[in-house]
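S.K.: Got chain A; can you put chain B on it based on the hints?
These protein sequence lines map, in sequence, to chains A and B. Going by this note's numbering, the first sequence opens with residue 1, and the numbers climb by one from there. Going by this note's numbering, the second sequence opens with residue 1, and the numbers climb by one from there.
Hints should not be assumed to be uniformly reliable.
[To be verified] Just so you have them, the derived chain B footprint on chain A, three or more residues with Cβ under 8 Å:
# : region
1 : 18 to 29
2 : 181 to 193
3 : 253 to 266
4 : 278 to 287
Derived by calculation from the structure, the hints in this document are not laboratory data. Virtual Cβ for every residue (Gly too), placed ideally from N, Cα, C.
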Amino acid sequence: MRHGKYPLIIAFLVPPLLLYGIFVLSPYVQAFQISTTDWGGYTADANYVGFDNFTRLFRDGQIWNAIQNNAILLAVVPVVTIALGLFFATMLNMGGRRGQAGVVGVRGTGVYRLVYFFPQVLSVVIIAVVWREVYHPNNGLLNAALGAVGIDGPTWLGDPRFAFWCVLAVLVWSNVGFYVVLFGAAMQAIPRDIYEAVLLDGASRLVTVVKITIPLLWDTIQVAWIYLAIAALDGFILVQLMTDGGPNFSSDVIGLRMYNTAFASDTRFGYASAIGVVMFFLTLSVSVLALRASRRDRIDYS
Amino acid sequence: MTLVEERAVAAPPPSRDRKLRREWGVANVFSHGFLVLWAVLTTFPLLWVLVSSFKDDGEILSDPFGVPGALRFENWARAWTEAHIGRYFFNSTVVVLGSLTLTMLFGATAAYVFARYEFRFRQLFYYLFVGGMMFPVFLALVPLFFVVRNAGLLNTWPGLMVVYAGYSLPFTVFFLSAFFRTLPESVAEAALLDGCGHFRLFFRVMLPMARPGLISVAIFNFLSHWNQFILPQVLMQGDESKQVLAQGLASLAVSQGYEGDYSGLFAGLTIAMLPVLGVYVLFQRQIQSGLTAGQLK
Chain A
1 MRHGKYPLII AFLVPPLLLY GIFVLSPYVQ AFQISTTDWG GYTADANYVG
51 FDNFTRLFRD GQIWNAIQNN AILLAVVPVV TIALGLFFAT MLNMGGRRGQ
101 AGVVGVRGTG VYRLVYFFPQ VLSVVIIAVV WREVYHPNNG LLNAALGAVG
151 IDGPTWLGDP RFAFWCVLAV LVWSNVGFYV VLFGAAMQAI PRDIYEAVLL
201 DGASRLVTVV KITIPLLWDT IQVAWIYLAI AALDGFILVQ LMTDGGPNFS
251 SDVIGLRMYN TAFASDTRFG YASAIGVVMF FLTLSVSVLA LRASRRDRID
301 YS
Chain B
1 MTLVEERAVA APPPSRDRKL RREWGVANVF SHGFLVLWAV LTTFPLLWVL
51 VSSFKDDGEI LSDPFGVPGA LRFENWARAW TEAHIGRYFF NSTVVVLGSL
101 TLTMLFGATA AYVFARYEFR FRQLFYYLFV GGMMFPVFLA LVPLFFVVRN
151 AGLLNTWPGL MVVYAGYSLP FTVFFLSAFF RTLPESVAEA ALLDGCGHFR
201 LFFRVMLPMA RPGLISVAIF NFLSHWNQFI LPQVLMQGDE SKQVLAQGLA
251 SLAVSQGYEG DYSGLFAGLT IAMLPVLGVY VLFQRQIQSG LTAGQLK
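With the rest of the complex left out, here is chain A (with noise of 0.2 Å):
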């Protein structure tokens, strides 16, 4: 019965091994290697200079600028996102009336459904040319919402003030509905006895929610923060199309950095791919601690 699984094996396996090893991993495993010389150009020879590349980065003011605001981001996004999800989740999924199947969602939750995942099919691209027409001083829909009601808007994007804001906005704009979803699909998998059995006993649906919903969803909790944690370190489409990174670097991020380090005015490759595997580190850490963090909150509840 086992007879002839080989040739299976092989002939299933060994081309997206290929693929793969040559397209992924090969380059993964350079980057490393190419982040410890002073690669320079397209001819240039490439030097081994050590560790040079990290500490000339850790001295790099525009790098430290970028990586600070990427923890905001890191700070900001993950809890705004999350926290507007679960709400707009429990409302469409429990916070209907309350009939005899004791936890409804509310009226036209279908079509909320639908409506919120719009941004979670269009490409970033889209997104940051709609974003960066809506802030547009003088023609965008912004400012022409505040200058119908007498305000004068702020020139968004061309503010070192309100950019990085800006850009940070959108972000979680493309985010929620996508959230909406996953954590709906996850509410619709509780029992739905278990809710009336506390709502039985005379509990409100704020205490429904903390007590019972939330520490149900942390698992999925859990892999949502992952999930925007490693948008929130990245960030370059938006911030490259809506701002490209200014005005005057307040609104730059890493990966922006590093892509205009290797392919915009100049070719540093060995100092690009040691941003790169610095943003390696971020991320690799950044979800390491999210799971230990959420993992102990877990036992508190179970």
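M.R.: Using the frame of chain A, we list chain B on its own:
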């Protein structure tokens, strides 16, 4: 409105129930307010782009909030031909068809082997594949550029296709091998006993059984390939006529900004948005569950 309707429907309630209902009636109005507000926040910018795509530049500049004086489909025609949105659309379609075929073929075969067969170094290979999900694509960008160039695939569609497929394999293999593992062992054993070969078993029995999983992951990959920006930006720098839609839109945004052709830009955005949104509205259930299923596993 909701309040009245609820009352009409309900049977005579005991007193505590009435109190609860009142509490939730107020909360309902309150929460509906937020729900509507977010729905408006989500749709209004997109609706505004659609409406603006019919305006002329004068209307856009003088009255961004207003209604267009006429349905100017010539904006769309201009974006489609002069700004080459049509061509970019075609390029994206070709690239995504190729990359999706590659991803599904390689992803399904590799996942199947990982899920159903014992062999040496299976664990190692599996984690090698799945580990790719954890790494930021940025780290690979610089060497990837040279790998693709040395393979002679820089600025070519096949180059984009294999790269998209490669970077989609981790999630695809992860998701599909979990799916293949859930399929009943007995069916496979029966087929093998009946003299069915391993290859026929896969194509005739396992693939059809795995259809729901394949569809979910195909939808997921379709959207991520279609919306890809950073990879083509690095690997398709030279030849503008081969660029994909996301790149075309980005450069359109820059160039129309200089020329002040806002109506063309809005029309281009609309053309890029509408088909995706249309397909989404038609298949929303499958798309939503396809995109969220992977995270819940």
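S.K.: It remains to establish, for every hint, whether it holds in the given structure.
M.R.: Now the hints, each set against the structure:
no.	hint	verdict
1	18 to 29	holds (count 9)
2	181 to 193	holds (count 4)
3	253 to 266	holds (count 5)
4	278 to 287	holds (count 5)
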